[in-house]
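Student: Produce the complete structure using the sequences and hints provided.
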Amino acid sequence: MIESNMKYLFIAFIVVFATFVVAVPVNYDITIYGSVNDTIYTELKNEVHDCENGCSFTVPQFTPPEGFNFSHYTISNTSELIKSIHFESTQDITSSKLAENVIIETVELKEELSIEKLVTKNLNLGQNNIVLQVKNIGSKDIENVSVQISGDGVKTISKTAIDLPLGQSDFVTTIVSITNYGSIDIIVKAYAGDELLGQTIESIFVNPTQDIEEKEKTVFVDKVYAQSKIDTLWNNLSVYEKDFFLKTSQEYNVLDVSNSIDEIKDELRNLQSEYSHMTKEQFDDAVIIINMLLGDVKEQLDLASPKKIATTFKENLGLIATTIGVIVSTLTAIGLAKSHVLSKDKQDKKKHPDLLRRELRKRN
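Counting from 1 along the sequence shown, just add 13 to a position and that's the residue number in the working numbering.
By construction, these hints were calculated from the structure, which means they are not laboratory data.
It is possible that some hints are incorrect.
Unchecked claim - Here are the simulated DMTMM-like cross-link-like pairs (lysine to aspartate or glutamate), alpha carbons at most 25 Å apart as the crow flies:
| hint | residue 1 | residue 2 |
| --- | --- | --- |
| 1 | Lys172 | Glu280 |
| 2 | Lys130 | Asp63 |
| 3 | Lys58 | Asp165 |
| 4 | Lys172 | Glu156 |
| 5 | Lys172 | Glu65 |
| 6 | Lys130 | Glu113 |
Tutor: In structure tokens:
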């Protein structure tokens, strides 16, 4: 009886496991249309949700002005993970029903990039740098990894790209424009080139106002200027890192350079995440320090010496030993041959005493 129950329990577990669908984050736009005092009024909302295949959501709450006369809704898909989307009552992207639901069918996400951490969460209205940590959870190295961010009043302006070896994580920066304030849910999408390989939902907080006096008192570094400097530093480091790998393959003494390169990477990541809160003077000082570290790496690489003597001796040690063995064997053979000849000569002289007498006469 117990065995039978366990059997059914196991089958039930398999059924549940087989039908389990992982929720994926989706976003879409809903626009309400109507009029106020014969004037056309529209309002758009961007919705962000976690969705399993076949999910349903109610239309969001709009706040039109007093005297608003409702006309209809429209919906538009802004997510690669949405296979189909429509209103429940019309099976279409338009509906004139005020209390309406949105029906979504999703596609399967090929997840190879994981958004591990959103470093920057406290933001201001306007342009902001958002730093994120991304990890390669796929089965191979992934090139040209970047992150795009969207949400209600949040739009991506530009993004940096990195290469991620298998199993490794690193930081990327995305510059966004923000027009809404307060707590905002955003969709974070990780790409390899144009291919979507990871996506999640995060929350950010946007300050509604800024202290104008404080802003005038402290002038922060220009974001375009700073990003250009940081990109140059990364490019220079990339050149030295390639030289390091080349010299490593050629068996140069460059082991200590690896630690210096890792130190510079840490400094660059810190600068990338913190420069938006730095003055130009503070930023330039940090750049000078990193350039000094890069100069040290270049000097170490230029002065690196090959492991030539030690390597040659090690590679030819067997040949040297073999050669010595041949020489010893040859000398031994010569010695044995000479000994044999002398011995034979003595024996011959014993057999022929006349020869010995002739030699003695010659000497006398």
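Student: The structure should be examined with respect to each hint, and the outcome stated for every one.
Tutor: Hint by hint, here is what the structure shows:
1. Only pairs whose Cα atoms come within 25 Å are accepted, and Lys172 paired with Glu280 is accepted, the gap being roughly 20 Å.
2. Straight-line distance between C-alpha atoms of Lys130 and Asp63 comes to about 18 Å, which keeps the hinted pair within the 25 Å bound.
3. At roughly 7 Å between alpha-carbon atoms, Lys58 and Asp165 fall within 25 Å of each other, so this suggested pair holds.
4. Our distance criterion of 25 Å between C-alpha atoms is met by Lys172 and Glu156, whose separation comes to about 15 Å.
5. Proximity of Lys172 to Glu65 is assessed by CA-CA distance (about 29 Å); at most 25 Å being required, the pair is judged violated.
6. Among the hinted pairs, Lys130 with Glu113 is inconsistent with the structure: their alpha-carbon atoms are about 35 Å apart, more than 25 Å.
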